[in-house]
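2 protein chains.
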Amino acid sequence: MTPFSFRLRHTDAGARLGEITTARGVIATPAFMPVGTAGTVKAIYTDQLKAAGVEVVLANTYHLMLRPGAERVARLGGLHAFMRWERPILTDSGGFQVMSLAKLRKITEEGVAFQSHIDGSRHQLSPERAVEIQCLLGSDIQMQLDECVGLPASHDALAAAVDRSLAWARRAQRAFLAKRADGDAHVGQELFGIVQGGTHRDLRARSVDGLIDLGFAGYAVGGLAVGEPQQAMLETLEGTLPRLPTEKPRYLMGVGTPLDLIEAVARGVDMFDCVLPTRSGRHGQAFTWGGKLNLRNAVHSEDRAPLDRSSQCLAAREYSRAYLHHLVKAEEYLAAMLLSWANVAFYQELMAAMRRAIAEGRFAAWAAATKAALA
Amino acid sequence: MTPFSFRLRHTDAGARLGEITTARGVIATPAFMPVGTAGTVKAIYTDQLKAAGVEVVLANTYHLMLRPGAERVARLGGLHAFMRWERPILTDSGGFQVMSLAKLRKITEEGVAFQSHIDGSRHQLSPERAVEIQCLLGSDIQMQLDECVGLPASHDALAAAVDRSLAWARRAQRAFLAKRADGDAHVGQELFGIVQGGTHRDLRARSVDGLIDLGFAGYAVGGLAVGEPQQAMLETLEGTLPRLPTEKPRYLMGVGTPLDLIEAVARGVDMFDCVLPTRSGRHGQAFTWGGKLNLRNAVHSEDRAPLDRSSQCLAAREYSRAYLHHLVKAEEYLAAMLLSWANVAFYQELMAAMRRAIAEGRFAAWAAATKAALA
Chain A
738 MTPFSFRLRH
748 TDAGARLGEI
758 TTARGVIATP
768 AFMPVGTAGT
778 VKAIYTDQLK
788 AAGVEVVLAN
798 TYHLMLRPGA
808 ERVARLGGLH
818 AFMRWERPIL
828 TDSGGFQVMS
838 LAKLRKITEE
848 GVAFQSHIDG
858 SRHQLSPERA
868 VEIQCLLGSD
878 IQMQLDECVG
888 LPASHDALAA
898 AVDRSLAWAR
908 RAQRAFLAKR
918 ADGDAHVGQE
928 LFGIVQGGTH
938 RDLRARSVDG
948 LIDLGFAGYA
958 VGGLAVGEPQ
968 QAMLETLEGT
978 LPRLPTEKPR
988 YLMGVGTPLD
998 LIEAVARGVD
1008 MFDCVLPTRS
1018 GRHGQAFTWG
1028 GKLNLRNAVH
1038 SEDRAPLDRS
1048 SQCLAAREYS
1058 RAYLHHLVKA
1068 EEYLAAMLLS
1078 WANVAFYQEL
1088 MAAMRRAIAE
1098 GRFAAWAAAT
1108 KAALA
Chain B
738 MTPFSFRLRH
748 TDAGARLGEI
758 TTARGVIATP
768 AFMPVGTAGT
778 VKAIYTDQLK
788 AAGVEVVLAN
798 TYHLMLRPGA
808 ERVARLGGLH
818 AFMRWERPIL
828 TDSGGFQVMS
838 LAKLRKITEE
848 GVAFQSHIDG
858 SRHQLSPERA
868 VEIQCLLGSD
878 IQMQLDECVG
888 LPASHDALAA
898 AVDRSLAWAR
908 RAQRAFLAKR
918 ADGDAHVGQE
928 LFGIVQGGTH
938 RDLRARSVDG
948 LIDLGFAGYA
958 VGGLAVGEPQ
968 QAMLETLEGT
978 LPRLPTEKPR
988 YLMGVGTPLD
998 LIEAVARGVD
1008 MFDCVLPTRS
1018 GRHGQAFTWG
1028 GKLNLRNAVH
1038 SEDRAPLDRS
1048 SQCLAAREYS
1058 RAYLHHLVKA
1068 EEYLAAMLLS
1078 WANVAFYQEL
1088 MAAMRRAIAE
1098 GRFAAWAAAT
1108 KAALA
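Protein sequences appear in the order of chains A and B.
If you use this note's numbering, the first sequence corresponds to residues 738 to 1112, in order.
If you use this note's numbering, the second sequence corresponds to residues 738 to 1112, in order.
Any given hint could be a false lead.
Just so you know, same-sequence chains aren't split out, so a pair can sit in one copy or run between any two.
What the hints assert, rightly or not - Taking lysine-lysine and the PhoX-like style, the derived pairs with C-alpha atoms no more than 25 Å apart in a straight line are: (1) Lys1066 x Lys1029; (2) Lys1066 x Lys840; (3) Lys840 x Lys779; (4) Lys985 x Lys1066; (5) Lys1066 x Lys779; (6) Lys787 x Lys1029; (7) Lys1029 x Lys840; (8) Lys985 x Lys1108; (9) Lys1108 x Lys1029; (10) Lys1108 x Lys779; (11) Lys1108 x Lys843; (12) Lys843 x Lys985.
Calculated directly from the structure, the hints in this document are not laboratory data.
No experiment lies behind these values; they were computed from the predicted model shown.
The task is simple: from the sequences and hints, build the whole structure.
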C-alpha cells in the first residue's frame, strides 16, 4: 500500500492547496469530511457520496465501539468493507462523544470510564484502547484520545486538559507505533495529534509545542466550535496555526458553516468535518450558493424551481422546492434523503471552488464575493 | 397520447399474462404496484424504482388531497412531474383511507364528510370530487369512490355497501366522462370500478353484474385483505373473477404477501398494490427467495452474506446481512432505504418470474416450488 503523505501544492494569502495521499486514495485539500457516525453518512448512499466528490468520510469511534463493536467490525473485514466505502476514512478517538453523550463518565489519568448512552453498559477508553479500536476499524487516519473541555472553562481547567491531552498523545503514539510494528496498523495508516487549550493563546502554544516535540503526521485543532463566538474561534486559529509545521495537514474538528469553512481556509486549515450538512438536511434545511433555505417555510410551497439548476447533484437540480417542501411537511424519508444529499454535494462544491480559487491565486476576492452571496 | 388498452397475451391454468397500455407506458401483467402514499414510495428514489423494473406506482388520493392538495399538485404540473415519476400512476379514490384514517367521518348517499387526521380540517369526498381530484393529480388509472366495510360485517351491511358503491360507480363514471368531454381527463386516462360484497358470493355477483352493466376499463376487487383468513379471500376471488370480462384487467386491492400474490395470480388477478414491501423494509424485514428475514435478529450480526447474491438489486447484492442488522439496530435511515429498495426489487422479481412461468406454460409447477421455498 501507498505510504501516507501530504503535499502542499500552493498557497494564496493564508489559504493552502494540498493533497493527502493515503493507502485508499488521494484527498484534495482543503477537504470537507461528511460524518458517518455509525458507519453510514445518514440517509446517503456511498455511491452518492462518491458522485458528489467526497474523498474521505469521518466515522465515530465512540458509536462504533458500542455498536456493533470494534472487534466485530474487524471480524467482518473492517469498516470500509462493512459500510461499502473503499475511499479513505478518518476516525475520531471517541473522547469528544464520551464527554457529550455517555452517562456517568469518570476521567482519570489512565483514561475515561463511562456508561453507554444506548444500553447503560460499562466501557473504558484509554489512549491505547482508542488506538486499538481504530486499528480494528481499519481507518486511514486515526485521532489520539484527548480531553475536550466545554467552553467557557477556567484557564486552570483548560491547562490541565492540555497537559493530560499531551500525556495521552505520547501514549497514543507509543501504542500506535507498537501496532504498526506488529502489523496491526496497515501501511499508510496514520495518527494525528490534537491541539487543545480553549481560546487561550498561551495554552494553544503549549499544546502545539508538546505535540510537535512528539511529531505527528497531521495536527488537529480540537476544542473549538463548542459554543464560542466565531470571532474567538478565528482568533484562536490565528494564534495556533502559524506555530504548526507547514508540511503537515491541519484539521479543524467539528467545523462548521459555509462561512466558518471559508474563514478557516483563509487562515490555513486543510481539513474539516461537521454534521451540519446532514443534520440540517434532516431538519428541512438546504445549503445553496444563495444562502441557506428552510424548506419547511410556506414560501416554497408552489415554487417549481429546484434548489440549484447549475448543480451536478440530482437532488439539487431535479426536484422542485415545492416537492421538497411537501416532503419535509409530510416527514417523508425522501426529504432527509434529498436534502442531506444536496447539502453534502453543496459542501463538496464549496471546497472545490475554494481549491480552484487558491490554485488561481484569487482566494481573497473569491471569499469576499462568496461570503456576501451566502450571508 | 396512446389510448388505454389491455391485451391478454396468454393464460396458463387460471393465471393470465397481459399488457396494459397507458399514455405513459406499458405495464406487463401480472403487475405489482409499490405504494407511494404521499407522492413518494417511502425511502426509495424513483430511479431505483425504474431500475427495479417498476412500471406503475399507486398514490393515495386521501393523503394527497389533504397535503399538498390536489389543486396545488395540478398547478405544479401534475403528480408525475411533482414526484419525478414519468411512468404510469394509479390513484385510489380515497374512500378506504377515509374509513381507516380520518376522524369523525360521516357517510351519506351524497358522499363522505370527514376531518383530516393531520390537522383536523374538514373535507368532503363524493364520487364526483374523487374523480375531480384524480383528474387534477393526473393519474393514468383512477378508481371510483366506494364504500369499504371492515370484516366481519353483517350481510345487510355489506349489501348496503354494495348498492351504495354501485350508485357511486355510476356517478363516478358520469363525472369522469364529463371530465373527458371537457378535456380535463387526459387521453389514455381511465376509471376502474370496484367490486364489493365481503366474502359473500351473492353480493360479489350483484356487485360485478352492476359494474359490468356500466362497463369499466378495468375492475378492482376491493374489501378484501381487511382481516379475513387467506382462504376466505381466495374463495371470494374464485367466486368473483370468473364473472368478470376476460378482456379487462383485474386488480386486487391492498394485497399482499408473496404467497397471496401467487395464489391470486393463479386465480386470474392481473394487478396488485400493497404497502408490505416498503412497510416491512422500514421494520427491518427483508423478502427473499428463501423466505422472509428479520434483520433485527442477532443471528445476522456477523453474517457477511448479502440478502441475495443473484439479485440485480444493489441493496440485495452488495450489503452484508451483518451491516443491515447493524443499521436496523442503530435505527439508521439507510436501514429503511436499503430494505425497502431490496423488498420492492424482490416483489418485481417475483412478478417477473410469474410472468415468465405463465408465458412458458409452467405456472402451476413454478408456483408449487416457489411456495415451498418461500414458506
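Hints versus structure:
1. Proximity of Lys1066 to Lys1029 under the C-alpha cut-off of 25 Å is restricted to the intra-copy arrangement: shortest distance 18 Å within a copy versus 33 Å between copies.
2. For a Cα distance limit of 25 Å, the shortest separation of Lys1066 from Lys840 across copies, 20 Å, qualifies, whereas the shortest one inside one copy, 34 Å, does not.
3. Proximity of Lys840 to Lys779 under the C-alpha cut-off of 25 Å is restricted to the intra-copy arrangement: shortest distance 24 Å within a copy versus 35 Å between copies.
4. Taking the closest pair of Cα atoms, Lys985 and Lys1066 never come within 25 Å of each other, the shortest separation being 46 Å inside a single copy and 39 Å across copies.
5. Taking CA atoms no more than 25 Å apart as the test, Lys1066 paired with Lys779 passes in both settings, with 19 Å inside one copy and 14 Å between copies.
6. For the identical chains of this complex, Lys787 and Lys1029 are intra-copy neighbours only, at 24 Å inside a copy versus 32 Å across copies, given an alpha-carbon limit of 25 Å.
7. Taking the shortest alpha-carbon separations for Lys1029 and Lys840, neither the intra-copy value of 35 Å nor the inter-copy value of 37 Å comes in at or below 25 Å.
8. Taking CA atoms no more than 25 Å apart as the test, Lys985 paired with Lys1108 passes in neither setting, with 28 Å inside one copy and 62 Å between copies.
9. Taking CA atoms no more than 25 Å apart as the test, Lys1108 paired with Lys1029 passes inside one copy only; the shortest distance there is 12 Å, against 53 Å between copies.
10. Taking the closest pair of Cα atoms, Lys1108 and Lys779 never come within 25 Å of each other, the shortest separation being 28 Å inside a single copy and 37 Å across copies.
11. Taking the shortest alpha-carbon separations for Lys1108 and Lys843, neither the intra-copy value of 42 Å nor the inter-copy value of 57 Å comes in at or below 25 Å.
12. For the homomeric pair Lys843 and Lys985, neither the shortest alpha-carbon distance inside one copy (33 Å) nor that between copies (72 Å) is at most 25 Å.
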